[in-house]
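Visitor: Chains A and B, in that order, are what the protein sequence lines are.
Using UniProt numbering, the first residue of the first sequence is number 1, and each one after it goes up by one.
Using UniProt numbering, the first residue of the second sequence is number 1, and each one after it goes up by one.
Some hints could be false.
A pair counts as met if it fits within one copy or between any two copies, since identical chains are not told apart.
To be verified - Below, in silico cross-link-like pairs of lysine-lysine (DSS-like), each with a Cα-Cα straight-line distance of 27 Å or less:
id : residue 1 : residue 2
1  : Lys363    : Lys172
2  : Lys227    : Lys363
3  : Lys309    : Lys123
4  : Lys122    : Lys224
5  : Lys314    : Lys123
6  : Lys172    : Lys234
7  : Lys336    : Lys69
8  : Lys306    : Lys123
9  : Lys123    : Lys28
10 : Lys122    : Lys309
11 : Lys172    : Lys199
12 : Lys172    : Lys79
13 : Lys314    : Lys59
14 : Lys79     : Lys314
15 : Lys363    : Lys321
Hints listed in this document are in silico derivations from the structure and should not be mistaken for laboratory results.
Protein chains: 2
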Amino acid sequence: MPKNTQQAGKPISPSSEEVLARLEQLAKSIYDQIQSGKPPYLDIPVRTLANTIWDKKRKLLVLGPKTAKREFFDIGESKRFMQTILMLSLIVRARRENDYPTIRDLYYTGKHTIYYVNEYGKKVSEETWDDQRESNAVIQDIEVATGLLREHMGIMHDAKGRIVGNMIIRSKGTEIDLSRMGSGAWGIPSNVDQLEITKVEADYVLVVEKGAIFERLNEEEFWKKNKCILVTGKGQPDRSTRRMVRRLWEEFDLPVYILTDADSYGYYIYSVYRSGSISLSYESERLATPEARFLGVSTSDIERYKIPKNYIIKATERDIKRAKELMNYPWFKESKRWMEELQLFIERGEKIEIEALSGHGFKFLSNVYIPEKIANKEWII
Amino acid sequence: MPKNTQQAGKPISPSSEEVLARLEQLAKSIYDQIQSGKPPYLDIPVRTLANTIWDKKRKLLVLGPKTAKREFFDIGESKRFMQTILMLSLIVRARRENDYPTIRDLYYTGKHTIYYVNEYGKKVSEETWDDQRESNAVIQDIEVATGLLREHMGIMHDAKGRIVGNMIIRSKGTEIDLSRMGSGAWGIPSNVDQLEITKVEADYVLVVEKGAIFERLNEEEFWKKNKCILVTGKGQPDRSTRRMVRRLWEEFDLPVYILTDADSYGYYIYSVYRSGSISLSYESERLATPEARFLGVSTSDIERYKIPKNYIIKATERDIKRAKELMNYPWFKESKRWMEELQLFIERGEKIEIEALSGHGFKFLSNVYIPEKIANKEWII
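For reference, chain A alone in the conformation it holds in the complex (with noise of 0.2 Å):
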């Protein structure tokens, strides 16, 4: 298992001491090329497909090991490079008052017009950036330069997972324990490397897709009957929610198990837990969880469970145009296992959801379908 040697539990986001010095030798890198008379340049890992590679043994999606040097000086690059200096100067600013923009927050701030006479002596100008798209690269840029998260910057996203169960968390000096939230649940915050992890006490990791699920098996107290962590990330998890279920399984060696529709769209979600996507690739080291097993529901569930045919929806052809794609996926191609079960989804066209095992009454998604897949080791990987 490629798993980290850090001590379980401790905080892993670099002191903020750290992240400020790693920035400034970014900007100071530019600084001395100035100060020696050189063209100043950048080296920025590529983050294209091209520059993207499956690692078969640690089972992960990895940035390859291109990089592309970034020049003021080369027509085609310069605004870039300007940008990303902005950028740059943007966090560092951040960082030194202590603030926690948004990547919007960002993009706002940077954004100004830029009036210049050109080549023909007119009077025109231009945007630092257009859309947040721009921004937002710049932003991955520099996590990728400098190997910090934005998170370790202390940029703050939309954070909307939930956890709950046998687990203290130590953050801001206050021990936050994750079994006395009562009918709620503690809320992930964006920056999950600054938690410290104090106590788990459970068998394993339980997330699941949909919110309304979660607040379910909350509220009957799945988590301390069947002694485990309960998550989920409502529907496409965000960044925090997907580290907070890496570190259980990295840190504490909790086997992960992951509860979807039976559907292309959720066995994608699945992959992202598991192995990451392909657009953040570079983030999978630490976002992804490479041993993840889906627990269900799945395609064959609904011969297996009997399912009515009046619970199971047709499938639509985005459906089954997005179930081929996930065919190769390198991480799905390589499952003999999962290659049936995409298979069997696009012959049969059918999709079925979680809340379809209640029509064999509220408690057998709880009682029977979870503990006994789990048992009897009835995961796809």
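Fit chain B to the given chain A structure using the hints.
Guide: Chain B only, in chain A's frame:
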């Protein structure tokens, strides 16, 4: 102030015995009708727009006095009658067995095919319901017929609100200190009425539309420095977030400030917190906060706070259309200030986001904008 006279903070969910009794009472009325040989019927308050009344004094949308007889032997109503009884039986079963189904679970559990021979001697079939709109509608009918919120009946939804601040909640026998959530927050559960709010030490409630802004303000401990309770409903708020805000206003007399983007979508979110939505008018009495104040960001802030031109976004036709619709809502119509603001939005055709304030520095929102607006009473109502 049309406030509740109940003791502040106490759980206001009816007890599980009472919930069951009220549901069984409804069923019993049908049973009694049948026993005495009468054609069975249900009396259900009508939830149409025509029966929705703007209560000027209480500043609330409420259901009018109109009820409709839903008769089993009326061919146009018998299906809906049967759907209502079917749903009622599912909810009673869930309460008796201490289950917490989601609205989707109830849809699936009740979904089945009825086979029968029609008047021409032909075998035909009919679904109990075809989609969730039908099953949701009868849940709403049962809510208005029994005076119970669906949350009281133990029905779960995907609760997405977060809250943090100087307050203590008791839930499932546990005391939860919402000032000790670290970088995280407490995820508001489905049934807020079940909670006991044992302590609140705050001067006001700040509700922010955007989850990422909530994360930022929480990370800076805005709520600690400004003695407030910080809440987000993450966009269009769900029922439990609205219920929580309402309880803090109603039972603890806290002023409530709403912070959204300056566009018709943001203005509508304010309107939902304050007065409820037309489609769920029967719930407004319990979910709305009729004295909620709109703090910003407003169209008039563009001039007032000298928002740079390139931070301004052109409003779409849809935005303008929506704003015109808002101008017809009674609670906007009765406010001179709001009519001016909406008119200005339509004239300028411009919108800005909360994050546009970051142009004045990352701390401008928390150090200047919010405290100033509150101190100078510059909210809009």
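Visitor: Does each hint fit the structure? Answer for all of them.
Guide: To see whether the hints hold, each was checked on the structure:
no., hint, verdict
1, Lys363 to Lys172, "between (38 Å within a copy, 20 Å between copies)"
2, Lys227 to Lys363, "within (17 Å within a copy, 43 Å between copies)"
3, Lys309 to Lys123, "between (69 Å within a copy, 19 Å between copies)"
4, Lys122 to Lys224, "neither (71 Å within a copy, 53 Å between copies)"
5, Lys314 to Lys123, "between (59 Å within a copy, 25 Å between copies)"
6, Lys172 to Lys234, "both (26 Å within a copy, 24 Å between copies)"
7, Lys336 to Lys69, "neither (41 Å within a copy, 58 Å between copies)"
8, Lys306 to Lys123, "between (72 Å within a copy, 25 Å between copies)"
9, Lys123 to Lys28, "neither (33 Å within a copy, 82 Å between copies)"
10, Lys122 to Lys309, "between (70 Å within a copy, 22 Å between copies)"
11, Lys172 to Lys199, "both (16 Å within a copy, 22 Å between copies)"
12, Lys172 to Lys79, "neither (39 Å within a copy, 57 Å between copies)"
13, Lys314 to Lys59, "neither (33 Å within a copy, 45 Å between copies)"
14, Lys79 to Lys314, "between (48 Å within a copy, 25 Å between copies)"
15, Lys363 to Lys321, "neither (34 Å within a copy, 46 Å between copies)"
In summary, the structure is inconsistent with hints 4, 7, 9, 12, 13, 15 from the numbered list given earlier, while agreeing with the others.
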